[in-house]
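S.K.: Sequence:
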Amino acid sequence: MITARGLISETSGVVTRPAPQPQSKQPAQPVTIQRKIEAKPGSIHATVTLEAIVENTGEVVRTESFRTTQPVMQYVIITRLMGFKDDLAADGYEVRV
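So the sequence shown is residues 26 to 122, counted in the numbering used here.
Because the hints were derived from the structure by calculation, they are not lab data. Please read all numbers here as calculations on a predicted model, not as lab measurements. It is possible that part of the hints are untrue.
Unchecked claim - Each pair of labels, with its calculated beta carbon distance range:
1. R87 - G67: 28 to 34 angstroms
2. D116 - S68: 33 to 39 angstroms
3. A114 - S68: 22 to 28 angstroms
Built from N, CA and C at the ideal position, the CB exists for glycine as well.
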């Protein structure tokens, strides 16, 4: 048997690392979604802002703003609101609309 003495140092070899632990998402504080609609008189356009507000502190954790027109406004707001709520729920927030 042929050995290669001295070619491998004692500090080398297989390095083991601890297996990554899944990050447990701590449930965030409950958030409330607030809607703000700004429309100028006589205009068919409106700016809608959705804000996720932490109930206990009043801190705004996420916001989204978009423009829409009056004829389709209700449908667009409901659609965007549901997507906004789903994104917050996916991040572990308890959402109240």
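S.K.: Against each hint, give a clear statement of whether it holds in the structure.
M.R.: Okay, the hints, checked on the actual structure:
{"no.": "1", "hint": "R87 - G67: 28 to 34 angstroms", "verdict": "holds (32 angstroms)"}
{"no.": "2", "hint": "D116 - S68: 33 to 39 angstroms", "verdict": "holds (34 angstroms)"}
{"no.": "3", "hint": "A114 - S68: 22 to 28 angstroms", "verdict": "violated (34 angstroms)"}
In summary, the one numbered hint that this structure violates is 3.
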